[in-house]
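Chain D is already provided as a structure; the job is to place chain L on it using the hints.
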Amino acid sequence: MLKRHFPIFLVLALVMLALLLPFLLPWSYDQIDWEAVRAPAFSGSHIFGTDEIGRDRLARLAAGTRITLMVAIAAALVSLIVGIAWGATAGWIGGRVDEAMMRIVDGLYALPFMFIVILLMVVFGRSILLVFVGIGLVEWLTMARVVRGQVIALKQRPFILAAEAAGTPSVAIMWRHILPNIAGVALAYLMLTVPQVVMVESFLSFLGLGVQEPLTSLGILVKEGADDMDMTPLGLALPGGLLVMILVCLTIEGERLRDRFS
Amino acid sequence: MSLYEIRNMAIEIAGDRLIEEVGLTVEAGQCTAIIGASGSGKSLTCLTPFGLTPGAVSGSMLLDGVDLGSDGSVQIRDVRRRLAGFIFQQPLTALTPHLAVGVQLQEATMQAGAARPSRLELARKLERVGLSRADERLDQFPHRLSGGERQRVMIAAAIAHSPKLLVADEPTSALDASLRSEIMALLDELRAEQGLGLLLVSHDIASIEGHADQLVVMEKGRVVESGAASTVIAGPAEDYTRRLIAAAPRLQDPAPMLSRPGEPLLETRNLGVSFDRSGWRRGKIKALADASIMLHECESLAIVGGSGSGKSTLGRAIAGIGPVTEGEILWEGVTLPERRKRDLAMRRLIQPVFQDPVASLDPHWQVRDIVSEPLHNLRPDLTPAECARMVRKVLSDVDLAEDFLTRVPASLSGGQAQRVAIARAIIASPRLLVLDEATSALDPLVGAEILKLLLRLQGENGLSLLFITHDIAAARRLCHRVAVMEAGQIVETGEMQAVINHPRHPATQKLIAAS
Numbered sequence: 001m002l003k004r005h006f007p008i009f010l011v012l013a014l015v016m017l018a019l020l021l022p023f024l025l026p027w028s029y030d031q032i033d034w035e036a037v038r039a040p041a042f043s044g045s046h047i048f049g050t051d052e053i054g055r056d057r058l059a060r061l062a063a064g065t066r067i068t069l070m071v072a073i074a075a076a077l078v079s080l081i082v083g084i085a086w087g088a089t090a091g092w093i094g095g096r097v098d099e100a101m102m103r104i105v106d107g108l109y110a111l112p113f114m115f116i117v118i119l120l121m122v123v124f125g126r127s128i129l130l131v132f133v134g135i136g137l138v139e140w141l142t143m144a145r146v147v148r149g150q151v152i153a154l155k156q157r158p159f160i161l162a163a164e165a166a167g168t169p170s171v172a173i174m175w176r177h178i179l180p181n182i183a184g185v186a187l188a189y190l191m192l193t194v195p196q197v198v199m200v201e202s203f204l205s206f207l208g209l210g211v212q213e214p215l216t217s218l219g220i221l222v223k224e225g226a227d228d229m230d231m232t233p234l235g236l237a238l239p240g241g242l243l244v245m246i247l248v249c250l251t252i253e254g255e256r257l258r259d260r261f262s
Numbered sequence: 263m264s265l266y267e268i269r270n271m272a273i274e275i276a277g278d279r280l281i282e283e284v285g286l287t288v289e290a291g292q293c294t295a296i297i298g299a300s301g302s303g304k305s306l307t308c309l310t311p312f313g314l315t316p317g318a319v320s321g322s323m324l325l326d327g328v329d330l331g332s333d334g335s336v337q338i339r340d341v342r343r344r345l346a347g348f349i350f351q352q353p354l355t356a357l358t359p360h361l362a363v364g365v366q367l368q369e370a371t372m373q374a375g376a377a378r379p380s381r382l383e384l385a386r387k388l389e390r391v392g393l394s395r396a397d398e399r400l401d402q403f404p405h406r407l408s409g410g411e412r413q414r415v416m417i418a419a420a421i422a423h424s425p426k427l428l429v430a431d432e433p434t435s436a437l438d439a440s441l442r443s444e445i446m447a448l449l450d451e452l453r454a455e456q457g458l459g460l461l462l463v464s465h466d467i468a469s470i471e472g473h474a475d476q477l478v479v480m481e482k483g484r485v486v487e488s489g490a491a492s493t494v495i496a497g498p499a500e501d502y503t504r505r506l507i508a509a510a511p512r513l514q515d516p517a518p519m520l521s522r523p524g525e526p527l528l529e530t531r532n533l534g535v536s537f538d539r540s541g542w543r544r545g546k547i548k549a550l551a552d553a554s555i556m557l558h559e560c561e562s563l564a565i566v567g568g569s570g571s572g573k574s575t576l577g578r579a580i581a582g583i584g585p586v587t588e589g590e591i592l593w594e595g596v597t598l599p600e601r602r603k604r605d606l607a608m609r610r611l612i613q614p615v616f617q618d619p620v621a622s623l624d625p626h627w628q629v630r631d632i633v634s635e636p637l638h639n640l641r642p643d644l645t646p647a648e649c650a651r652m653v654r655k656v657l658s659d660v661d662l663a664e665d666f667l668t669r670v671p672a673s674l675s676g677g678q679a680q681r682v683a684i685a686r687a688i689i690a691s692p693r694l695l696v697l698d699e700a701t702s703a704l705d706p707l708v709g710a711e712i713l714k715l716l717l718r719l720q721g722e723n724g725l726s727l728l729f730i731t732h733d734i735a736a737a738r739r740l741c742h743r744v745a746v747m748e749a750g751q752i753v754e755t756g757e758m759q760a761v762i763n764h765p766r767h768p769a770t771q772k773l774i775a776a777s
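Those protein sequences? They're chains D and L, same order as listed. Here the first sequence stands for residues 1 to 262, where the numbers follow our numbering. Here the second sequence stands for residues 263 to 777, where the numbers follow our numbering.
Derived by calculation from the structure, the hints in this document are not laboratory data. Keep in mind that the hints are not guaranteed to be accurate.
[Claimed, not checked] Below are the DSS-like pairs computed for lysine-lysine, each with C-alpha atoms no more than 27 Å apart in a straight line:
#1 714(L) with 482(L)
#2 546(L) with 603(L)
#3 603(L) with 155(D)
#4 546(L) with 155(D)
#5 548(L) with 603(L)
#6 548(L) with 772(L)
#7 155(D) with 548(L)
#8 714(L) with 655(L)
One chain only, chain D, in its complex shape (with noise of 0.2 Å):
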């Protein structure tokens, strides 16, 4: 079990690690220690050493893997409610309904998505909401289309026209025959989408139009590492090599679930 899902307990310890840390440093990661900037690692108390304002260095990842994983999982969860009723709706009633209503998911499909969140960024300035609902706004389309096909498969199933022949309503049809037979591919989805998120979300904060300051996430760390680069490798090295440990983690198990359902 250990070894065979080694990637999702990794994740998992580091999700830990992010969370207790706060706890277990003397530094929180807006504070600023004016006796040691840019201080390199095993310095005192700075495990990694400070960046170019002073400010711990691991407290920092920390928090920035914090915010990352909770924008991915916030954005993800809604992917999974609102995919899943937007699916689930379209294929269960069919006809020009299920038409109109994936031709609409067509249609946001086709839309310049990264530009259309940099618009809003732009007027209504940065937010971290703002970035739940751009992301949100897409991750959704992809979970639709996959639950609209297991439920028009599942439709046509002798057991639920047997269900349906033995008098049970269509709404508990929907709650205890097809939701529960989808929900292990709708998994399977939804840990394919996570990574997605943190990458979008990443690559919005990198252009600085993520989550604001002193707040931090995976993407802007990597930024102010790429500019801080030829100085302090490690600013870049550290977010950077968690990031894609992370993003290759989650892609590993993610496409290991869906090869199971599918």
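For chain L alone, kept in the frame of chain D given last:
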């Protein structure tokens, strides 16, 4: 010397000995059939010597003087390439979906080192297996062909490199009855013409009768009886063979004892069903037109027809789980409304049973919940304790022990799953069961038991049955009357025996000739 001879063969998979002491021979130009219930090891026996299963094989297997057991995957591959051809059960999955028929056939021809065949030669190969418009077919993809046509392409590909032995693993069980006899006749012809030896696997003794020269009966990985086909079928020595032969329904069997029908119960008047074409496209597809049937209390009516004849559509319309576009359904003279408008009292009257027993049970539910589902909706007057008692009773009615209550569908065999499905259908004491190919997916032994169970339930509870099937011989065991369908129309109705003795419509004649 025989073309193919197996002596004392044993097969192991992962340390389990699945096949023991099997011996058989195939002569050039003749057909040897292996029959047995599912799980008896017939497919393993014919495929493993050619390295087509993960099993490890021991014993002596001589094909045209080449010892298959001697060793070396190189040799086996060489034998597969030159001497043997294979046909499998599922014609759709056995053809590569992304290659046109011509390309597949060309590949099959060239595998033994032959030169690239010309288009004319390929077309001739397709004509040889009885496909019309052969030249056009070469460019078609497998999904464009019907099941019977695909199986013909499979046969063309299997004999393209002129093998000496053709191994056919249930070549007709996925096809409907009239196609079955056509494919068997084609295999007979090829044998006679090219001196091909045929090793045929089947679970259905009726389908190989008159085609096989030698018969090998297998049970649980052993040969229980073998010999000339006509002698074995006429005078089986073993009890197991006798049961297999008795299980296969035949039109010549003595007339069954049936219950006495009562008052008219259900009537359909000019029932029609048409489906919208998918998407925004205009137009309709007519699946059923002008269907009028009458069913009496305690009576069984067979709806017989080939695939796509609209028989399932009719059954679903009656059971209230499919659409109705025109006409009406009357229950004791009162109109039953369409699908969504049926109330619970109407639902309780009619219950369906489906073809695929495993797919008709929700994989996440326990047998207890599956069986009691209709009770929760249709009998709200019952207390939970009464429900539990009824579930127990109905399980014993379908001959399942009490420990099945907590099983999940994945742990049931096909026959057990179908019993659970029947238990669910009868628990709310309906008056009519719609059986949509309820025995076709089952082993013949199990199917015969399910038929017996249905007869018994009809006798005990006075149930009426609507038995939808493609197999008129199976329907004869259960049904008083028959309605024959073709292309969405009912073409002939009448008393079962009268229709069998004097079929008037060509579709009926074809169905009867096939069984």
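Checked hints:
A hinted pair counts as satisfied when its Cα atoms are at most 27 Å apart, and residue 714(L) with residue 482(L) qualifies at roughly 24 Å. Only pairs whose Cα atoms come within 27 Å are accepted, and residue 546(L) paired with residue 603(L) is accepted, the gap being roughly 23 Å. A distance of roughly 19 Å separates the Cα atoms of residue 603(L) and residue 155(D); the hinted pair therefore holds under the 27 Å criterion. For the hint linking residue 546(L) to residue 155(D), the alpha-carbon distance of about 21 Å falls within 27 Å, and the restraint holds.
Our distance criterion of 27 Å between C-alpha atoms is met by residue 548(L) and residue 603(L), whose separation comes to about 23 Å. With a C-alpha separation of about 23 Å, the suggested pairing of residue 548(L) with residue 772(L) holds against the 27 Å cut-off. Restraint check for residue 155(D) and residue 548(L): satisfied, since their Cα atoms lie roughly 21 Å apart, inside the 27 Å limit. For a cut-off of 27 Å, the pair hint linking residue 714(L) to residue 655(L) stands: about 19 Å separates their Cα positions.
The earlier numbered hints are all upheld by this structure, with none contradicted.
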